[in-house]
Amino acid sequence: MAKPLLELRNLTVGFDTNRGEIRPVQNVSFSIFPGQTLAIVGESGCGKSVTALSILRLIPSPPGKVLGGQVLLEGRDLLGLSEREMRAVRGKDIAMIFQEPMTSLNPVFTVGEQIVEAVRLHQHVSVKQAYQIAEEAMHDVGIADPGKRVHEYPHRLSGGMRQRIMIAMALSCQPKLLIADEPTTALDVTIQSQILELLRKLQREKGMSILLITHDLGVVAENADTVGVMYASRLTEFATVEDLFDHPLHPYTEGLFRSVPKLGQRSERLVTIPGAVPNPARFPSGCKFHPRCPRARQAASGTPAQNVVQVQVPGEKFAVPATCARDEPVLREVAVGHWAACHLIDSFAAAPLTTPSLEHRRTVIAEAI
Amino acid sequence: MTEFSDQIILPEQGQSAGVAVSLESPRSLGGEAWRRIVRKPATFICLIVVAAYVCVSLLTFTPIFDKRIEEPLSADKSYAPPALHHTWPDGTTTLAPACWFGLDFEGRSVFWRVLYGTRTALLITVFASAISLSIGAALGLLAGYFGGWIDDLITWLFSTVSSIPWLLMVIALAWVIQNNQSLNAGAAPSRLEVIFGGTTSIILALGFTDWVGLCRLIRGEVLRLRDLDFVVAARAIGLGHGRILFRHILPNTFHLVIITFSLGAVSYVQVEVILAFLGLGVTSKPSWGRMIDDSKLELLRGVWWEVTAATVAIFILCLALNILGDALRDALDPKLHGAR
Amino acid sequence: MWVYIVRRLLLSIPILLGIVAITFLLFCFIAPDPAVAYAGKQKTPEQLAAIRHQLGTDQPKWEQFVNILTFQFPLSLRYRESVWTLFRLKAPVSLAIQAPAFFIELALQMAIALFVAWKRATFWDYGITFISVLGISVPALSLYLAAQWIFGGWLQWFPVAGWSPGFFYALHYAVLPILVSVIVGLGGGVRFYRTIALEEINADYVRTAHAKGVSQSEVLFTHVLRNLMIPVVTQTIVTLPLLFTGAVLLERLFQIPGFGNLLVDAIHSQDQPVVMFITYSTSVIYLVMLIVTDILYTLVDPRVSLQ
Chain A
1 MAKPLLELRN LTVGFDTNRG EIRPVQNVSF SIFPGQTLAI VGESGCGKSV
51 TALSILRLIP SPPGKVLGGQ VLLEGRDLLG LSEREMRAVR GKDIAMIFQE
101 PMTSLNPVFT VGEQIVEAVR LHQHVSVKQA YQIAEEAMHD VGIADPGKRV
151 HEYPHRLSGG MRQRIMIAMA LSCQPKLLIA DEPTTALDVT IQSQILELLR
201 KLQREKGMSI LLITHDLGVV AENADTVGVM YASRLTEFAT VEDLFDHPLH
251 PYTEGLFRSV PKLGQRSERL VTIPGAVPNP ARFPSGCKFH PRCPRARQAA
301 SGTPAQNVVQ VQVPGEKFAV PATCARDEPV LREVAVGHWA ACHLIDSFAA
351 APLTTPSLEH RRTVIAEAI
Chain B
1001 MTEFSDQIIL PEQGQSAGVA VSLESPRSLG GEAWRRIVRK PATFICLIVV
1051 AAYVCVSLLT FTPIFDKRIE EPLSADKSYA PPALHHTWPD GTTTLAPACW
1101 FGLDFEGRSV FWRVLYGTRT ALLITVFASA ISLSIGAALG LLAGYFGGWI
1151 DDLITWLFST VSSIPWLLMV IALAWVIQNN QSLNAGAAPS RLEVIFGGTT
1201 SIILALGFTD WVGLCRLIRG EVLRLRDLDF VVAARAIGLG HGRILFRHIL
1251 PNTFHLVIIT FSLGAVSYVQ VEVILAFLGL GVTSKPSWGR MIDDSKLELL
1301 RGVWWEVTAA TVAIFILCLA LNILGDALRD ALDPKLHGAR
Chain C
2001 MWVYIVRRLL LSIPILLGIV AITFLLFCFI APDPAVAYAG KQKTPEQLAA
2051 IRHQLGTDQP KWEQFVNILT FQFPLSLRYR ESVWTLFRLK APVSLAIQAP
2101 AFFIELALQM AIALFVAWKR ATFWDYGITF ISVLGISVPA LSLYLAAQWI
2151 FGGWLQWFPV AGWSPGFFYA LHYAVLPILV SVIVGLGGGV RFYRTIALEE
2201 INADYVRTAH AKGVSQSEVL FTHVLRNLMI PVVTQTIVTL PLLFTGAVLL
2251 ERLFQIPGFG NLLVDAIHSQ DQPVVMFITY STSVIYLVML IVTDILYTLV
2301 DPRVSLQ
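Residue numbers (our numbering), protein chains in the order written: chain A, 1 to 369; chain B, 1001 to 1340; chain C, 2001 to 2307.
Simulated from the structure, these hints should not be mistaken for lab results.
Any given hint might turn out to be false.
Stated by the list, open to error - Non-contacting residues of chain C with respect to chain B, defined by C-beta distances greater than 12 Å in every case (computed):
| no. | residue |
| --- | --- |
| 1 | T2023 |
| 2 | D2033 |
| 3 | W2149 |
| 4 | I2230 |
| 5 | V2232 |
| 6 | V2233 |
| 7 | L2249 |
Unchecked claim - DSS-like, lysine-lysine: derived pairs with alpha carbons at most 30 Å apart:
| no. | chain 1 | residue 1 | chain 2 | residue 2 |
| --- | --- | --- | --- | --- |
| 8 | A | K176 | A | K92 |
| 9 | C | K2090 | B | K1296 |
| 10 | A | K65 | B | K1040 |
| 11 | B | K1296 | B | K1285 |
Stated by the list, open to error - Simulated restraints on C-beta separations:
| no. | chain 1 | residue 1 | chain 2 | residue 2 | range |
| --- | --- | --- | --- | --- | --- |
| 12 | C | I2131 | B | N1180 | 12 to 20 Å |
| 13 | C | E2218 | B | R1224 | 34 to 42 Å |
| 14 | B | R1224 | A | E113 | 45 to 53 Å |
None of the values given here were measured: they were computed from a predicted structure.
C-beta: ideal position from N, C-alpha, C; glycine also.
Using the sequences and the hints given, assemble the complete structure.
In structure tokens, the structure reads:
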């Protein structure tokens, strides 16, 4: 049994705001294995970006700070490193690309200068050699005529090319893990698939792991090996991509799948999850999803009155089981290799508390959703 | 305080255990700005301070001040340091506010003269702003809305005016106007002169030179607004230009006017000091700039109270206006709200 | 590149004409008869006519316009010298104070702004910001007076006022004015650069740089500073006119025989040629500086092309 490359254990992050302390990430745990792609899915505001940035300790503090947990890279806790040691990790062992290629590159330096900066930070090479490495990296990501392009300024390149430059920059020092925070959200659909295909190809060639942050289930279906679903600062489900798509166990995940329109499906209205994502300053008590949970509503109808709590949302009032409104469910392994956090799953209370960890590579190409 | 990433910024939502979300009703920008200023103690105090200055300056129009700023209180009609009490000619000694800030080189009460200074500051600020804001707004609106040769002309105009260093232009204009006045002065002062004193030259000079900033801002904003859907829609249903300008576009530029006004007020008050120092804006009535200028030589002899009183009066007002101006800018700048 | 410069110069011609027009309007129309202003109402008509002739105000208006355009100014009424002579004598003195003050101020402002951006949201940030707001709320005149009193009158470190030719003697007199000038100007610039530095430090590319492993100081001095250069260029040009005219107060108080002092003298003695000359020449210099800034801007910001 191989050891995971990256392991998060109970990571909790807090922010000081003028509304008090908020916790955008609470008790998040998962593992990524070498060569594996883990996708973290969730809506805006669920904490997935903050989680990713916390791995590299890029959260500005003040006002943010890590309140607890561990981030183990090959067994070494990154949270305990000094800033200097951390800088040696960034860009070298773990690299990150971001959502907005337009603004993520410094407009006053050429792309070559920026890649070379990354290279020379972590490798002892001359400037000339660094430029060669940069050009090779640009070639690897599919940029034509890298010798010329390397002296261009970012504003002269298209969005897709800029993202390729970002990838080239990230990969220039052969990282073990690439964190990709919504890498394609800001790009055209056709460019999206090109970039994702590029990432898959590079992963195969270099054997690196990818932590893919996204809100797009289609992207997950085509790229992920394992998937974690986040809602309101917590992981609510974790499974292989096949398992997740075939048997989603958490009502939020079910809701997400239901809301994706299917080709050939005829319906009058698109299905949505009623309500909206809660404000981190005022999370609901108990299970954070309970005000919007159809499963809880249904469960309450067959339950005696004393085990039930009334919930008020604008426009209606309904009942949910008391445990849903009072106890926050923790992520448990409710089936082999499948974790979920929901009281209303069969034998949930007895399921083991293990760290989500699956050494799995995708075997199925999921159907077009 | 920092919203770190897009994910953290969320709309205002009311929630308690079990209660789901509701979006608050949208508020007007102005109302929101007002609320923000009134809520925070720092800016609220600044607002009160400015209001206090305005009240005092309004009081100067009443007869209370007329005598008090002129009558000499010291025996030898010259300087006296601040004191709590004063011995009157008839022998009684009372607590005299008139002496709290000392007496100036003619034995007059610095206290009352400093208070009177608010009037000069108010007159200059209000009227110079009225002129400069009107010109700036009008030209900016016309240039931005109509474009074409009107825009070219107005752009040429403000480029030219802004090519002359501002203070230099103010000085030159004030000098020229003042010369004009003194050479054409009649025997008896007109009603206007009684109210304004010698500040007309300053007011006119400031008013006709300081409009460029606002003009540029408004022109830029109007250019942006002109192509927005609601304006296009207004034109499509046949609204005339004037109507569109006044009812639709102008209200959307108000925040710029307010911000410019508050920042302009600060610089006007400070420029008055410089102009007074140069001998422009001469007036027989007290103004802060004149007070500092009058007593500057005496400073080295240890007469500190007149300069200090006037400086502190200016300082407090400008500080309050600066803080308010910053707060206004933060509150009214649509860029800083939500959408990123 | 040269095409751009030539085009820019050509575009400035209407503005130059506009400046001439304003100068003309100011001094040949709005201003009352300068002869009377200078001589007073008592002089005989012949004397007034003589003054007018000297001033050139008896020429047709359009000739006066052209005179301004071609930099032909009458002799100074007070000094009976060519305005150019006066310029040659006085301008270097002003520059001797303003130039060092400008550069020191700029360097300090940027350093403080970077520092404040680094220590943002901490005590240092709020403290320095607050002090700079205080600084711009105090009238400059009072600060000058206070500095004179403290350093000249009380501590007696520097002479209160005065000037002397010769480099080393002048230095002695120059220190206090430069020092005070820097202090007075610091507040506004710090606020401005701080805002920009904060914007830059929150930019996405800074996050990318950190993600690559770049250290905080490297980020500040390489990435942020380089981007800061862009507004520096534009802001510099905005503060340049203050070089000329902020000198007015300073030179008067410290009795430095410079350009600003000349202006004040001219105002007091109703010396119209000098006032006119100073207004016009300063504006033209400023206009030239604006053009230079535009060109510099294209060099400094790669996003701006020479179109």
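Could you check the structure against the hints above and give me the numbers of any it violates, in ascending order?
1, 2, 3, 7, 12 and 14
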